[in-house]
Structure formats: C-alpha cells, structure tokens
Amino acid sequence: MTRIGVVALQGDFCEHLDMLAMLGWQGVAVKQPGQLEGLDGLILPGGESTTQCLLLEASDLRIPVEAEIHAGLPVLGTCAGLIMLARTVVGGRLDQWSFGALDVSVIRNGFGRQVRSFEADLAVQGLGETMRAVFIRAPAITEVGEKVNTLASVGYRFADGSVRDVPAVVAQGSIVATSFHPEVSRDPRLHELAFRR
Amino acid sequence: MAELTEGTARVKRGLAEMLRGGVIMDVVNAEQAKIAEDAGAVAVMALERVPADIRRDGGVARMSDPALIREIQDTVTIPVMAKVRIGHFAEAQILEAMEVDYIDESEVLTPADESYHVDKWAFQVPFVCGATNLGEALRRISEGAALIRSKGEAGTGNVVEAVRHLRSITSDLRAIAAASEQELFGWAKRLAAPYDLVAEIHANGGHLPVPLFCAGGIATPADASLVMQLGAEANFVGSGIFKSGDPAKRARAIVEATTHYQDPKTLIRVSENLGEAMVGIEMDGLDQHLADRGW
Chain A
1 MTRIGVVALQ GDFCEHLDML AMLGWQGVAV KQPGQLEGLD GLILPGGEST TQCLLLEASD
61 LRIPVEAEIH AGLPVLGTCA GLIMLARTVV GGRLDQWSFG ALDVSVIRNG FGRQVRSFEA
121 DLAVQGLGET MRAVFIRAPA ITEVGEKVNT LASVGYRFAD GSVRDVPAVV AQGSIVATSF
181 HPEVSRDPRL HELAFRR
Chain B
1 MAELTEGTAR VKRGLAEMLR GGVIMDVVNA EQAKIAEDAG AVAVMALERV PADIRRDGGV
61 ARMSDPALIR EIQDTVTIPV MAKVRIGHFA EAQILEAMEV DYIDESEVLT PADESYHVDK
121 WAFQVPFVCG ATNLGEALRR ISEGAALIRS KGEAGTGNVV EAVRHLRSIT SDLRAIAAAS
181 EQELFGWAKR LAAPYDLVAE IHANGGHLPV PLFCAGGIAT PADASLVMQL GAEANFVGSG
241 IFKSGDPAKR ARAIVEATTH YQDPKTLIRV SENLGEAMVG IEMDGLDQHL ADRGW
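From first to last, the protein sequence lines stand for chains A and B. The first sequence begins at 1 in the working numbering and counts up by one. The second sequence begins at 1 in the working numbering and counts up by one.
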C-alpha cells in the first residue's frame with residue numbers, strides 16, 4: 001500500500017491526510033524523524049513558513065527531510081510547502097532558510113494580504129478538467145529554472161495594474177509544488193500526479 | 001485571464017486552516033511583534049493593551065490606533081489580526097481598509113451594540129469570534145464568522161474558563177454527531193442556532209463548519225497542551241506571554257508545546273526554567289466576567 005508522509009508540525013496537514021484517504025493511500029502524520037521511515041512520498045503542507053522553519057529545526061526534522069528530498073523521495077509542496085522547497089525566497093525573514101531543492105524564486109505573500117486571497121479555475125497540464133485553485137496569502141513564483149516544468153499558470157492583475165501569467169504548478173524531477181491549495185478545494189488529482197509515477 | 005473570486009467563505013476559512021497547530025500572540029507594539037515572530041508565532045493580534053491591563057485600568061476599550069497596527073504590519077511577515085468591539089462595524093470597515101488579515105470581534109473590548117453583532121458576510125476580510133458554547137458559536141458562524149475561539153476569561157492567566165467552553169462545545173458536537181435526524185430539530189431549538197448548521201455538523205461527523213481555536217487564560221506550555229488535547233486546533237495567547245518574566249522564551253515554549261502537545265518529553269524540555277509565569281487571578285476574585293459579553 002502506498003504510504004505518504006505529511007509533515008504535521010503546523011498548517012493544514014489534516015486536509016492533506018484527507019486527500020490521501022480519498023485516494024485509498026495510507027497517510028502518516030510526521031512529527032518526529034522516526035516517522036520518515038518507509039515512506040513512498042512526502043507532503044510539505046500549507047501554513048506559515050516562518051513557523052514551519054523553526055519547528056522543523058526544533059523537532060530535528062530539517063536534516064532528515066532534506067536528505068530524503070535530495071535522495072529523490074517524491075515530494076508535493078503546497079503554498080508554504082512551495083516556499084520551503086524553493087531555491088530563493090524573497091520577502092521572508094532575514095534568517096529564513098529553505099530546502100532549495102526546486103529551482104524557482106518565490107515572493108512570500110506575492111499577491112498581497114488576506115483580503116486579496118482568491119479562488120480561480122486553473123487548467124493543469126495532464127489533468128484534463130480544470131481545477132478549483134484556492135490561493136491564500138499565496139507566494140508568487142517569479143523565476144523558474146531550466147529544469148523546471150510549469151504545469152499551470154494563473155493570469156493575475158497586480159496592484160500596479162500590470163497583468164502577468166504567474167506559474168502556479170511547477171515540477172522538477174521528483175518534486176511537484178503549487179502556490180495554491182488543492183487540498184482546500186478537496187481535489188486529490190495533484191496528489192495522484194505527484195506520487196503515482 | 002481566468003476569473004478570480006476574492007473573499008469567499010472558503011478563502012476566509014482557509015486562512016484559519018493554515019494557522020492550525022500554531023500560536024497567535026497578543027502584541028502591543030512592533031518590538032513585541034518581532035519577538036512573537038522570532039518565537040514562531042503563526043500570527044499576531046495587534047492591540048493597545050493586553051487583556052490583563054484592560055482589566056486593571058478599566059474604562060472603555062476600543063479598536064487600536066491604526067498607526068500602531070500599521071507599524072506592526074510593516075514589522076512582521078506573518079498575518080496581523082486586530083480587534084473590534086462587538087457590533088462596531090465602522091471599526092471593522094477601518095480595519096478592512098487597512099488590509100488587516102483577520103478581525104476579532106472581541107468581548108475583550110467594550111461592546112458597542114447590545115443587540116447585534118457585526119454582519120460579517122458583508123466583509124471581504126475574515127472574522128474570528130469568541131464563544132462559550134456551541135449555540136453561541138453557531139450564531140456567530142451564521143453571521144459569517146470564519147473561525148471560532150473559546151472566550152475563556154481573558155487577562156486572568158487562568159485556563160479554567162477556556163476548558164469549560166471547549167468541553168461544552170466539543171461534547172455537544174459529539175452528541176449531535178450521534179443524534180437521530182429527528183433530534184436535530186430539537187438541537188437547533190435548544191442551541192438557538194440555525195437548523196442547517198446543526199444538520200451540517202451531524203452530516204460531517206461532529207465537526208464545526210469552521211476551525212475551533214482556544215483563547216482566554218493560557219499561561220504555560222502545559223495549558224497549551226491541555227486545550228489542544230481537549231479539541232482546540234490552535235491557541236491564542238494574550239497576557240500570558242508578555243506579562244511573564246521571560247516573554248521570548250515562554251513564547252517559544254508555548255509554540256513548541258502547541259505542536260507537540262501529545263509528547264510529554266517535549267513538554268518537559270520546554271517547560272524547564274521558564275521563569276515567572278503571569279500571576280493570574282482566581283475566578284471568584286473577578287469584578288467583571290468578559291465572557292458574559294455577547295450572546
């Protein structure tokens with residue numbers, strides 16, 4: 001049976017565990033290093049990235065999770081999870097670190113504060129029907145490296161009036177990451193994409 | 001360009017879901033906000049006086065000075081919440097225009113309206129409201145609240161009221177999950193709450209339609225663990241941090257305790273040598289019960 005871990009220190013890890021149950025997979029809430037054993041994949045959930053950074057270190061999870069990601073364990077990161085995976089994080093705390101395994105640059109809260117949080121229908125490459133995407137104080141991807149595939153983008157009118165297509169689903173090797181929350185709209189198709197390959 | 005929709009119930013409740021397992025800390029200036037963020041707070045509540053001081057000073061407690069809120073917004077990267085008086089929709093309009101991330105329609109401030117809470121559906125910014133029982137929680141949700149917190153008894157450093165409120169809410173949730181379809185009508189009547197919300201709770205196995213956090217009286221890591229074990233999904237901590245001997249250390253300890261609430265080893269480690277907790281007040285010694293405000 002497919003066994004997927006969800007880093008369960010802070011954020012919407014329950015919604016991710018629900019998605020795994022919908023797919024008939026076993027979900028493991030990961031709060032300690034020992035719980036990383038025997039996983040077929042790992043989810044970095046939404047939440048506050050600054051808090052998650054601190055808790056990953058305090059819980060002795062930063063180094064083992066980093067090792068698993070670099071060893072090629074399939075990973076899905078949503079929102080804060082995308083920030084944790086990104087090579088470069090702009091608009092974070094000065095001491096904010098990330099795993100740096102995904103060659104993208106992100107701006108935290110890149111679409112503005114909570115009143116600017118939004119939903120939209122997105123066409124995601126390889127998924128058929130559109131997906132309802134919920135962006136909550138979402139990071140905006142501003143740069144994408146050569147090895148990164150952009151699977152979906154969202155057209156967005158920024159406060160300065162400019163309209164740009166912003167990557168919203170990206171993939172590189174064993175990593176899939178989204179700036180929105182497929183788990184909040186309860187659509188497990190990206191989970192399936194990330195881990196069934 | 002795809003059509004974007006802002007301010008939906010899902011977007012409002014979604015932010016509360018992202019705060020789960022975290023600690024929201026009361027702060028009265030930018031310096032405290034920085035300490036809170038450094039300690040791992042998932043959000044800060046900007047206010048002019050912490051509840052313990054409001055209780056001590058008396059007088060009318062109102063929305064904070066926008067300049068103070070702005071300064072805190074400019075200092076931290078995490079969400080910034082702020083309080084309005086019960087029913088004071090004009091204060092809420094001001095906070096929405098300032099793009100505060102969450103508004104707390106709070107019994108800690110002096111109520112502005114004795115009949116009506118704010119119509120929270122009219123706003124794009126999400127609201128959190130306090131509740132002492134399930135009926136109150138559902139009335140607030142029916143008015144548009146996207147997050148419920150126990151009221152507890154703010155500014156006392158005494159967790160007993162928060163425990164009472166959480167136990168009351170969660171035991172009724174369990175009973176509704178187990179009730180028959182017929183009994184749901186009786187529940188709606190008894191709780192003085194909309195039938196549809198009662199039916200929704202029954203259908204989804206006894207979960208509140210929005211997240212349930214704890215507030216009011218948390219002062220130690222063990223308090224945080226207690227209320228999480230009783231069904232809270234995150235913690236608001238007010239006076240308990242900045243009225244203690246070593247706020248930075250206590251803040252960090254309560255953050256770790258909220259995450260690892262089921263792990264006694266972590267609770268021991270973070271509870272050691274924390275310095276003085278806030279002194280606290282016994283319920284019998286209170287002149288005024290803030291939890292009685294609102295209905």
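What the hints contain is simulated information worked out from the structure, not anything from laboratory work. Check before you lean on any hint, since a few could be wrong.
[As the list claims (entries may be wrong)] Derived EDC-like pairs (lysine to aspartate or glutamate); straight-line CA-CA distance at most 20 Å: (1) B:K249 with A:E37; (2) B:K249 with A:D165; (3) B:K265 with A:D60; (4) A:K147 with A:D165; (5) B:K189 with B:D263; (6) B:K189 with B:E200; (7) B:K34 with A:D95.
[Stated by the list, open to error] Computed list of chain B residues with no C-beta within reach of chain A, every gap over 12 Å: (8) R10; (9) Q229; (10) T258.
[Stated by the list, open to error] Chain A is faced by these chain B residues, among others (derived, beta-carbon under 10 Å): (11) G7; (12) V11; (13) Q73; (14) N133.
Backbone N, C-alpha and C fix where the C-beta goes; we use that ideal spot for every residue, glycine too.
Against the structure, the hints:
For the suggested pair B:K249 and A:E37, the alpha carbons sit about 32 Å apart, so the restraint of at most 20 Å is broken. For a cut-off of 20 Å, the pair hint linking B:K249 to A:D165 is broken: about 43 Å separates their Cα positions. Only pairs whose Cα atoms come within 20 Å are accepted, and B:K265 paired with A:D60 is accepted, the gap being roughly 14 Å. Only pairs whose Cα atoms come within 20 Å are accepted, and A:K147 paired with A:D165 is accepted, the gap being roughly 19 Å.
Of the pairs offered as hints, the one joining B:K189 and B:D263 is violated, with about 40 Å between alpha carbons and a cut-off of 20 Å exceeded. Proximity of B:K189 to B:E200 is assessed by CA-CA distance (about 15 Å); at most 20 Å being required, the pair is judged to hold. About 13 Å separates the Cα atoms of B:K34 and A:D95, which keeps this hinted pair within 20 Å; it holds. For B:R10, the non-interface assignment is contradicted: its Cβ lies about 6 Å from the closest Cβ of chain A, within the 12 Å cut-off.
The claim that B:Q229 lies off the interface holds: its Cβ sits roughly 15 Å from the closest Cβ of chain A, which is beyond the 12 Å cut-off. Non-interface status of B:T258 relative to chain A is broken: a Cβ of that chain comes within 12 Å, the nearest being about 8 Å off. At its closest, the beta carbon of B:G7 sits 7 Å from a beta carbon of chain A; the interface hint therefore holds under the 10 Å criterion. Against a cut-off of 10 Å between C-beta atoms, the interface hint on B:V11 holds, since the closest Cβ of chain A lies about 5 Å away.
Interface hint at B:Q73: satisfied, since its Cβ lies 8 Å from the closest Cβ of chain A, which is below the 10 Å cut-off. Annotation: B:N133 was flagged as interfacial toward chain A, and the flag is violated, the nearest CB pair being 24 Å apart, outside 10 Å.
Taken one by one, the earlier hints fail for this structure at numbers 1, 2, 5, 8, 10 and 14, listed in ascending order.
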